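Peer 1: Protein chains in written order, with the working numbering: chain A, 20 to 284; chain B, 213 to 640.
Hints in this document: simulated from the structure, not taken from any laboratory. Bear in mind that the values here come from a model prediction, so they are computed numbers and not experimental data. Just to be clear, a hint being listed does not mean it is correct.
With a cut-off of at most 30 Å between alpha-carbon atoms, the simulated DSBU-like pairs for lysine-lysine come out as follows [what the hints assert, rightly or not]:
1) A:Lys172 <-> A:Lys48
2) B:Lys264 <-> A:Lys140
3) A:Lys222 <-> A:Lys123
4) A:Lys172 <-> A:Lys222
5) A:Lys140 <-> B:Lys318
6) A:Lys194 <-> A:Lys140
If you want the footprint, here are the derived chain A segments under chain B, 3+ residues with CB under 8 Å [unchecked claim]:
7) 78-87
8) 110-123
Just so it is clear, CB atoms sit at the ideal spot from N, CA and C, and this is done for glycine as well.
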Amino acid sequence: MLRTLSLAMLALLPLPALAETPAQTPEEKGLEIAREADARGEGFGDFQAGMRMVLISKRGDTSERELRVMTLEGTGETEGDKSLTIFDTPRDVRGTALLTWSYKTQDDDQWLYLPALRRVKTIASRNQSGSFMGSEFAFEDMRAQEVEKYTYKYLRDEACGELTCFVFERYPTDKYSGYTRQVVWMDQAEYRVQKIEYFDRKKSHLKTLTMSGYQQYKDKFWRPDEMEMVNHQTGKSTKLYWTDYRYDTGLTESDFDQNALKRLR
Amino acid sequence: MTHRFLLALTGIALASTASAWEFRGETGVEGRYFTDGPGTAGYWHNGSVYAKAELFHEWNDRDDQFVFIPFARQDEHDENRTHADIRELSWIHVADGWESRVGVSKVFWGVTEGRHLVDIINQTDLVEQIDQEEKLGQPMINVSTVRDWGILDVFILPGFRERTFPGEDGRPSLAVPVDTDDPIYESGAEQKRVDAAIRWQFWMGDWQFGLSHFSGTTREPLLALNTFQLSQAQLGAFAVTGQLPAGYKPRFIPVYEVIDQSGLEAQYVSGGWLWKLEVISRSGQGDRFTALDGGLEYTQVGIFESDLDLGWIVEYLWEDRDELLASPFEHDVLLGNRLTFNDIASTEVLWGVVWDPETEERAWSLETSRRIGDRFKVSLESRIYSNTGEPPTVEQIVGASLQEIPPETPLSIYGQEDNIQLEVVYYF
Numbered sequence: 020m021l022r023t024l025s026l027a028m029l030a031l032l033p034l035p036a037l038a039e040t041p042a043q044t045p046e047e048k049g050l051e052i053a054r055e056a057d058a059r060g061e062g063f064g065d066f067q068a069g070m071r072m073v074l075i076s077k078r079g080d081t082s083e084r085e086l087r088v089m090t091l092e093g094t095g096e097t098e099g100d101k102s103l104t105i106f107d108t109p110r111d112v113r114g115t116a117l118l119t120w121s122y123k124t125q126d127d128d129q130w131l132y133l134p135a136l137r138r139v140k141t142i143a144s145r146n147q148s149g150s151f152m153g154s155e156f157a158f159e160d161m162r163a164q165e166v167e168k169y170t171y172k173y174l175r176d177e178a179c180g181e182l183t184c185f186v187f188e189r190y191p192t193d194k195y196s197g198y199t200r201q202v203v204w205m206d207q208a209e210y211r212v213q214k215i216e217y218f219d220r221k222k223s224h225l226k227t228l229t230m231s232g233y234q235q236y237k238d239k240f241w242r243p244d245e246m247e248m249v250n251h252q253t254g255k256s257t258k259l260y261w262t263d264y265r266y267d268t269g270l271t272e273s274d275f276d277q278n279a280l281k282r283l284r
Numbered sequence: 213m214t215h216r217f218l219l220a221l222t223g224i225a226l227a228s229t230a231s232a233w234e235f236r237g238e239t240g241v242e243g244r245y246f247t248d249g250p251g252t253a254g255y256w257h258n259g260s261v262y263a264k265a266e267l268f269h270e271w272n273d274r275d276d277q278f279v280f281i282p283f284a285r286q287d288e289h290d291e292n293r294t295h296a297d298i299r300e301l302s303w304i305h306v307a308d309g310w311e312s313r314v315g316v317s318k319v320f321w322g323v324t325e326g327r328h329l330v331d332i333i334n335q336t337d338l339v340e341q342i343d344q345e346e347k348l349g350q351p352m353i354n355v356s357t358v359r360d361w362g363i364l365d366v367f368i369l370p371g372f373r374e375r376t377f378p379g380e381d382g383r384p385s386l387a388v389p390v391d392t393d394d395p396i397y398e399s400g401a402e403q404k405r406v407d408a409a410i411r412w413q414f415w416m417g418d419w420q421f422g423l424s425h426f427s428g429t430t431r432e433p434l435l436a437l438n439t440f441q442l443s444q445a446q447l448g449a450f451a452v453t454g455q456l457p458a459g460y461k462p463r464f465i466p467v468y469e470v471i472d473q474s475g476l477e478a479q480y481v482s483g484g485w486l487w488k489l490e491v492i493s494r495s496g497q498g499d500r501f502t503a504l505d506g507g508l509e510y511t512q513v514g515i516f517e518s519d520l521d522l523g524w525i526v527e528y529l530w531e532d533r534d535e536l537l538a539s540p541f542e543h544d545v546l547l548g549n550r551l552t553f554n555d556i557a558s559t560e561v562l563w564g565v566v567w568d569p570e571t572e573e574r575a576w577s578l579e580t581s582r583r584i585g586d587r588f589k590v591s592l593e594s595r596i597y598s599n600t601g602e603p604p605t606v607e608q609i610v611g612a613s614l615q616e617i618p619p620e621t622p623l624s625i626y627g628q629e630d631n632i633q634l635e636v637v638y639y640f
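Next up, chain A with everything else stripped away, as it sits in the complex:
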């Protein structure tokens, strides 16, 4: 009797979970995936890395830029990450730097430092759909992807290479975004973005981003070595090669204020 009961209980146990699944809408599941991915990225503290950017024209001509990126994880309720991007080449823009303070639910603050004039210029946040350094990446593609900046909708599971991916859509909440939607392929093993398709304001397929060469740092955080953005409408593309990832480099808030911008070299 006792045995039968416990068996029955065992049989009952998965039921609530099963009952929940049908009740979860595709929107809820999409958000859940995004939250899980975000949670897995939390706690990195700070990192610095180098970046080589290769711009490829329609005819196949290439041009390179070298940048340094510093990021400090946001800790507050509303504050997102702070990041600093410094250009080393081409040489005429050497020392130019972009400082971003991202927020979860409001427009980011951005400043551009022009070293020749020693001038810090504020960038209007609405210009985020503009090209980053003449590349196929827009400013909004480069910034911290806070969960709150999109709404979500789970589509399906799909094989992606040797992995299985969640495929979901996300819709920018910001009315100034250059996109109406993005389709994201994220692997189920480690919640890493493998591919994103971007759809412009006319709802046509504009760009595709693929990330590859994922490596794990601090036994926890996965970062791609390579990112490629292809613009299907212009035939141009941009490749980003990340190098020299370093965590716990001792960055503090004071490395991300206006005085820090003026000290950069």
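Position chain B relative to chain A; hints supplied.
Peer 2: Using the frame of chain A, we list chain B on its own:
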């Protein structure tokens, strides 16, 4: 002993590679062509070369930095434009929440594009470019602190830099050139006067503010005609005949008075809009006056379904200064566009016009640039003055000065100075 010495040497060598010295620089060749003719300087075109180096070192885990930036230019015609300057030679030290800067340095204040009214720490290197964007190095002790309530900067400025002006053979060629050899100072300490300044920047939501005050020798001298060299008899003869006395060379003498200038910067960010305002109030040069430059900047991203970004700049310039001392931009409108191509060569076009609705004078400017390869940049610039009328003659300038008549069209002195400039810069 020898071993220990060698070990120490190795240690020093290792330490110096760990905190390496960095060297970089740029050099440029420039050609100008004056489309309205040879002017009073007597030439149509001018060539010039410059070099600027940058030596940089950081140590103590980036808490200490050393910067040295020497600059030199050789000009074909203008001996005043052939000059050298230490743009920066400073030691920067960062402590917890504090930062100090000791030595020759460069500081920029302000938010607007038309005039940089609030920007007062560094003297303008006017021979470089008439747009006043180039600055001379300023000796300073600057302490800065970043707090929750904003950024506070205090400056002690020992040592005054005189503004550079084009020489007799320089262009823009003025009928009466500026004699920079013997300026007049209000302060008995002349160039050795120690000036001081303070600035507080703070943020409130989408607003950014800057409040500043400067007390010291003006960076913007008044230009006094040297008619004080003439006797009463000579002045009388001039009034009757309109002929300048024989042997008299009219020259403008810079007069550097001690001023107090308070400045306000405000900027409001809203979506794609940047609203900007700079206001100053200055005393010490004639009556106290107020000047402002306010307007907006708006950028359209991806115009005509292309990669091009088009920025719009509209500003209103105003001042209530005594007419005799007023700048040419006392009630003017600036309209400009910045076109960014977002291409591999970073092609950019910036054009603007400052228009005086009362006098109808217009000052046009065009600046375009693009990169060639990884190490070269080519820029084409042009400045054109229209509706200014003919430039005044020497006699007219002397006459107006003696009778204290303000010029009707202040930009007319540049009436024959329209020019285009091509520059190629190499970065190393």
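Peer 1: Work down the list of hints and note, for each, if the structure agrees.
Peer 2: Status of each hint after checking the structure:
1. A:Lys172 <-> A:Lys48: Holds, because 7 Å separates the two Cα atoms, which is no more than 30 Å.
2. B:Lys264 <-> A:Lys140: holds, 24 Å
3. A:Lys222 <-> A:Lys123: Holds: Lys222 of chain A and Lys123 of chain A sit about 25 Å apart, inside 30 Å.
4. A:Lys172 <-> A:Lys222: Holds - the C-alpha atoms of Lys222 of chain A and Lys172 of chain A are around 16 Å apart, at most 30 Å.
5. A:Lys140 <-> B:Lys318: The hint holds at about 16 Å.
6. A:Lys194 <-> A:Lys140: holds, 24 Å
7. 78-87: With 3 residues closer than 8 Å to chain B, the stretch 78-87 of chain A meets the three-residue bar; holds.
8. 110-123: holds (count 4)
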